[in-house]
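Engineer: Per my numbering, residue 31 is the first one in the sequence shown, and the count goes up by one each step.
If you're looking for bench data, these hints aren't it; they were derived computationally from the structure.
Computed from a predicted model, the values in this text were never measured in an experiment.
Glycine is no exception: its CB is placed at the ideal position from the N, C-alpha and C atoms.
One or more hints might be untrue.
Stated by the list, open to error - Each computed DSSO-like pair below joins lysine-lysine, with the alpha-carbon atoms no more than 30 Å apart:
hint	residue 1	residue 2
1	K168	K181
2	K168	K120
3	K168	K118
4	K235	K245
5	K138	K114
6	K156	K118
7	K242	K253
8	K168	K192
9	K241	K168
10	K235	K209
11	K120	K241
12	K253	K189
13	K242	K181
14	K156	K235
15	K209	K168
16	K241	K181
17	K118	K192
18	K181	K156
19	K209	K181
20	K168	K235
21	K138	K245
22	K119	K168
23	K181	K118
Unchecked claim - Simulated DEER-style distance windows between Cβ atoms:
hint	residue 1	residue 2	range
24	H198	Y122	18 to 24 Å
25	R160	R134	19 to 25 Å
26	A254	R36	37 to 43 Å
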Amino acid sequence: MPLEQRYDTLQDNYIVRLHRNVDPENPVNAESTWWRKHMEHNELVQRLYEVLPKEEIFQDRIRRRKPPWKKEDMECESKAWKVKSELKKKIYQRHHTIWETQYRTSAKGEFYRSYTLPRLYNADHKNPLRYFLNECSKNELSKLVQLRTAKGAFGMFFKRFKINNRPHQCECGEEEDVKHLLCECPVTENHRQILRDASAMLDLKVLLDSKKGLKAVLAFLAKAPQLL
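Modelling step: build the complete structure from the supplied sequences, incorporating the hints.
Structural biologist: Shown next, in the form of structure tokens:
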């Protein structure tokens, strides 16, 4: 999750945790005017007050200061804890949805999404690049990252950022991009069987987003070191 979304999530969780201390009826922490000002119309606080009346929240806060053997009613405290837990789950789900929507629609990383979506990395579908972090040299790892992100030492990247002192065309005369380098360039056709062993159709989803495909790409680049 991007830093901006993580910050918003932490901020919302912080509000849920502090709502008792900044409650207008709470005489403690009276100097918390800044929080009180920013939380009066906060939807999370309003949700808490809908489920738990202010008086009940206030009494619950007082009971929390008592040792367990002196608490008269545990039901209210349990209810407050449950509501907060549910709110924190909803906070995470909401910000995760915002992040996922931004990720899927942003102009940045369009090529990267073309072969990873809709399989966002998770416990069931792990990022295959992690395997190579300790299994290959920094130079080889750099080449894999360049190909997976379409940001590397090839013509399309130079053209995109208007770097005119580097050629934008491949040795064969065509525009040099990731698909051309791996699947189309006639200069390296003799070595392309290495890639076809991993994916007969030279599918970028297999070549760039699977352990088998990335191993084949490394072997292919070793045979054609002039590419990157």
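Engineer: Each hint needs a verdict: does it hold in this structure or not?
Structural biologist: Results for each hint:
1. K168 - K181: holds, 16 Å
2. K168 - K120: With Cα atoms ~41 Å apart, K168 and K120 exceed 30 Å; violated.
3. K168 - K118: With Cα atoms ~40 Å apart, K168 and K118 exceed 30 Å; violated.
4. K235 - K245: holds, 14 Å
5. K138 - K114: violated, 36 Å
6. K156 - K118: holds, 26 Å
7. K242 - K253: Between K242 and K253 the Cα gap is close to 17 Å, so the pair holds against 30 Å.
8. K168 - K192: holds, 27 Å
9. K241 - K168: Holds - the C-alpha atoms of K168 and K241 are around 17 Å apart, at most 30 Å.
10. K235 - K209: Given pair K235, K209 holds - Cα atoms ~11 Å apart, limit 30 Å.
11. K120 - K241: This hinted pair is violated, its Cα atoms lying about 35 Å apart.
12. K253 - K189: holds, 26 Å
13. K242 - K181: holds, 22 Å
14. K156 - K235: holds, 14 Å
15. K209 - K168: The given pair, whose Cα atoms are some 23 Å apart, holds under the 30 Å limit.
16. K241 - K181: holds, 20 Å
17. K118 - K192: Roughly 46 Å between the alpha carbons, so the hint for K118 and K192 is violated.
18. K181 - K156: holds, 22 Å
19. K209 - K181: The given pair, whose Cα atoms are some 13 Å apart, holds under the 30 Å limit.
20. K168 - K235: holds, 23 Å
21. K138 - K245: Roughly 26 Å between the alpha carbons, so the hint for K138 and K245 holds.
22. K119 - K168: violated, 39 Å
23. K181 - K118: violated, 37 Å
24. H198 - Y122: 18 to 24 Å: violated, 44 Å
25. R160 - R134: 19 to 25 Å: holds, 22 Å
26. A254 - R36: 37 to 43 Å: About 41 Å separates the Cβ atoms of A254 and R36, which means 37 to 43 Å holds.
Violated hints for the displayed structure, listed by number in ascending order: 2, 3, 5, 11, 17, 22, 23 and 24.
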